[in-house]
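Chemist: The chain contents come next:
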Amino acid sequence: MPQDLEMVRATLDRARDGILERANVVAAGVGYKVTRGVRTDDLAIVASVTEKVPPERLAARDLVPAAVDGIPTDVLPTGEFRAFQSRTERPRPAPGGVSIGHRNVTAGTLGCLMRRGGQVVILSNNHVLANSNEAARGDAILQPGAHDGGRFPGDHIADLADFVPIVFLEPPSECRFASSVISILNAGCVLIGSKTRYRTLSLQVTDNLVDAAIARPVDGAFVEDEILELGALTGLGSGSLGMAIRKSGRTTGLTAGEVTQVDVTVNVQYGAGRTARFTDQLMAGPMSQGGDSGSAVVDAENRLVGLLFAGSDSSTIINRIEHVVAELDLTR
Amino acid sequence: MKRSVAGVLALLTLCWSATDEGAMHQNIQNVKAENEARLFALPGVVSVGIGLDPAGGEVIVVGLDRARPATQESIPAELDGYPVRVDIIGTVRPR
Numbered sequence: 069m070p071q072d073l074e075m076v077r078a079t080l081d082r083a084r085d086g087i088l089e090r091a092n093v094v095a096a097g098v099g100y101k102v103t104r105g106v107r108t109d110d111l112a113i114v115a116s117v118t119e120k121v122p123p124e125r126l127a128a129r130d131l132v133p134a135a136v137d138g139i140p141t142d143v144l145p146t147g148e149f150r151a152f153q154s155r156t157e158r159p160r161p162a163p164g165g166v167s168i169g170h171r172n173v174t175a176g177t178l179g180c181l182m183r184r185g186g187q188v189v190i191l192s193n194n195h196v197l198a199n200s201n202e203a204a205r206g207d208a209i210l211q212p213g214a215h216d217g218g219r220f221p222g223d224h225i226a227d228l229a230d231f232v233p234i235v236f237l238e239p240p241s242e243c244r245f246a247s248s249v250i251s252i253l254n255a256g257c258v259l260i261g262s263k264t265r266y267r268t269l270s271l272q273v274t275d276n277l278v279d280a281a282i283a284r285p286v287d288g289a290f291v292e293d294e295i296l297e298l299g300a301l302t303g304l305g306s307g308s309l310g311m312a313i314r315k316s317g318r319t320t321g322l323t324a325g326e327v328t329q330v331d332v333t334v335n336v337q338y339g340a341g342r343t344a345r346f347t348d349q350l351m352a353g354p355m356s357q358g359g360d361s362g363s364a365v366v367d368a369e370n371r372l373v374g375l376l377f378a379g380s381d382s383s384t385i386i387n388r389i390e391h392v393v394a395e396l397d398l399t400r
Numbered sequence: 020m021k022r023s024v025a026g027v028l029a030l031l032t033l034c035w036s037a038t039d040e041g042a043m044h045q046n047i048q049n050v051k052a053e054n055e056a057r058l059f060a061l062p063g064v065v066s067v068g069i070g071l072d073p074a075g076g077e078v079i080v081v082g083l084d085r086a087r088p089a090t091q092e093s094i095p096a097e098l099d100g101y102p103v104r105v106d107i108i109g110t111v112r113p114r
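Going down the list, the protein sequences come from chains B and E. Reading the first sequence from the start, the letters are residues 69 to 400 in our numbering. Reading the second sequence from the start, the letters are residues 20 to 114 in our numbering.
Looking at chain B on its own, in the form it has when it is part of the complex (with noise of 0.2 Å):
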């Protein structure tokens, strides 16, 4: 049966005050019937609910009826909604998706919480809670980042407790011989007529598994073991090829992508000339912005699976958290 939007909003107009004074109703809208959880070509008025009660425990009046002048109806659980808390405010408990960043870093995203030993830590990156490597433990760590307006001492939330060292690529090579045997190759490139050409690479290439640091709140009040749009973590998992993923970030918020691929070697330009090369890391779509960085990868089931930390137009580069667990020394 075709439906008319304008007939189906005009009917919601009238039914509308009668459907949200019944309990457990928190909004009513028009959307598509869904039937056994498929969705159907049909309008219906939806109505939110808390929580989805069987008929059989509801007063008659508190009934959603199945359907309104011939409109069908549906109830949806949608829980409670919530006044919308910006990412870049300074809610205490701080969950994970919420603005952090080292007193000289602009801002990055509070990932989650973890554990070393038996304390609680918030994981980020390196580059954003330890100013990729030019700050000291000790240092104060703000929520939100300065670049929010964060402040130190009135925003202090953390001091930094370890990080991992970002190795850089050594600047081109000095070496005689190899710019020597480059030369000929590139002679020899422009002889057979290629365009292609050769640098030379520092024979020293280091590579880098995560961009990770933990800082240790000054208070355990200060945080929640909560990431923004996201809930609790159940654990940890492993990410793979074609994995469904989603993150909570300051900037971009909950985003949702897949991982394009695994096994990523990938060159990461951090300013000011400095390259760090990463390996194992897994690349996803372009699922990030600047200020997303440190925050959680999580699979359906959200397990933690990674740490996102860099990106570019198209592409969004995530470590492994087996390998940030592992470097960090740290548990869920």
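Think of the hints as simulated: they come from the structure by calculation, not from any bench. Everything numeric in this text was worked out from a predicted model, so none of it was measured. Just so you know, not all the hints are guaranteed correct.
Derived Cβ-Cβ restraints for the label pairs, each shown as a range [said to hold, decoys possible]:
no., chain 1, residue 1, chain 2, residue 2, range
1, B, A95, E, A89, 51 to 61 Å
2, B, T274, E, N49, 13 to 23 Å
3, B, G310, E, N49, 18 to 28 Å
4, B, L88, E, G63, 54 to 64 Å
5, E, E53, B, T103, 45 to 55 Å
6, B, G310, E, A52, 15 to 25 Å
7, B, L144, E, P88, 45 to 55 Å
8, E, A86, B, Q357, 22 to 32 Å
9, B, D81, E, P88, 51 to 61 Å
10, E, S93, B, A95, 50 to 60 Å
The beta-carbon is built from N, C-alpha and C at its ideal position, and this holds for glycine as well.
Chain E: place on chain B using the hints.
Modeler: Then chain E, alone, in the frame of chain B:
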């Protein structure tokens, strides 16, 4: 001079084909690892990983910072039987 250039080029060609033939039954991780240094030596290569083609088969994916005709020409379409795809992903920076 010309002769030594030709010699170096012949040696390079030998190196590529030797790995191609000597490692027919390698898994894709090993093939990727063996070729990584040579791929990163090409201008504009920012990443090398393992991805999926539309049919669900594993492919070696080379990421470039921008369109690079010369680099794209010098990347083989296959390495040891595994397809190679070139994606222009842009410069990768910390977020």
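Chemist: Is 22 to 32 Å respected by the C-beta to C-beta distance linking A86 of chain E and Q357 of chain B?
Modeler: Since the Cβ atoms of A86 of chain E and Q357 of chain B sit about 23 Å apart, the hinted range of 22 to 32 Å holds.
Chemist: Between the beta carbons of G310 of chain B and N49 of chain E, is the distance compatible with 18 to 28 Å?
Modeler: The hinted range 18 to 28 Å holds for G310 of chain B and N49 of chain E, with Cβ atoms some 21 Å apart.
Chemist: Tell me if the beta carbons of S93 of chain E and A95 of chain B are separated by a distance inside 50 to 60 Å.
Modeler: Roughly 58 Å apart at Cβ, these two residues keep to the hinted range, so it holds.
Chemist: Given the hint of 45 to 55 Å, is the C-beta distance from L144 of chain B to P88 of chain E inside that range or not?
Modeler: Because 52 Å falls inside the window, the suggested range holds.
Chemist: Check the following: the C-beta atoms of G310 of chain B and A52 of chain E are separated by a distance inside 15 to 25 Å.
Modeler: At roughly 21 Å between Cβ atoms, A52 of chain E and G310 of chain B fall inside 15 to 25 Å, so the hint holds.
Chemist: Given a hint of 51 to 61 Å, does the C-beta separation of A95 of chain B and A89 of chain E actually sit inside it?
Modeler: Given a distance of about 57 Å, which is inside 51 to 61 Å, the answer is holds.
Chemist: Would you say the C-beta atoms of L88 of chain B and G63 of chain E sit inside 54 to 64 Å of each other?
Modeler: Holds, since L88 of chain B and G63 of chain E (Cβ atoms, about 58 Å apart) stay within the stated range.
Chemist: May I ask you to test the hint 51 to 61 Å on the CB atoms belonging to D81 of chain B and P88 of chain E?
Modeler: Given a distance of about 60 Å, which is inside 51 to 61 Å, the answer is holds.
Chemist: Indicate whether the distance between the beta carbons of T274 of chain B and N49 of chain E respects the range 13 to 23 Å.
Modeler: 21 Å, holds
Chemist: Return holds or violated for the Cβ distance of E53 of chain E and T103 of chain B against the range 45 to 55 Å.
Modeler: With Cβ atoms ~53 Å apart, the hint holds.
This entry satisfies every hint, going by the numbered hints stated previously.
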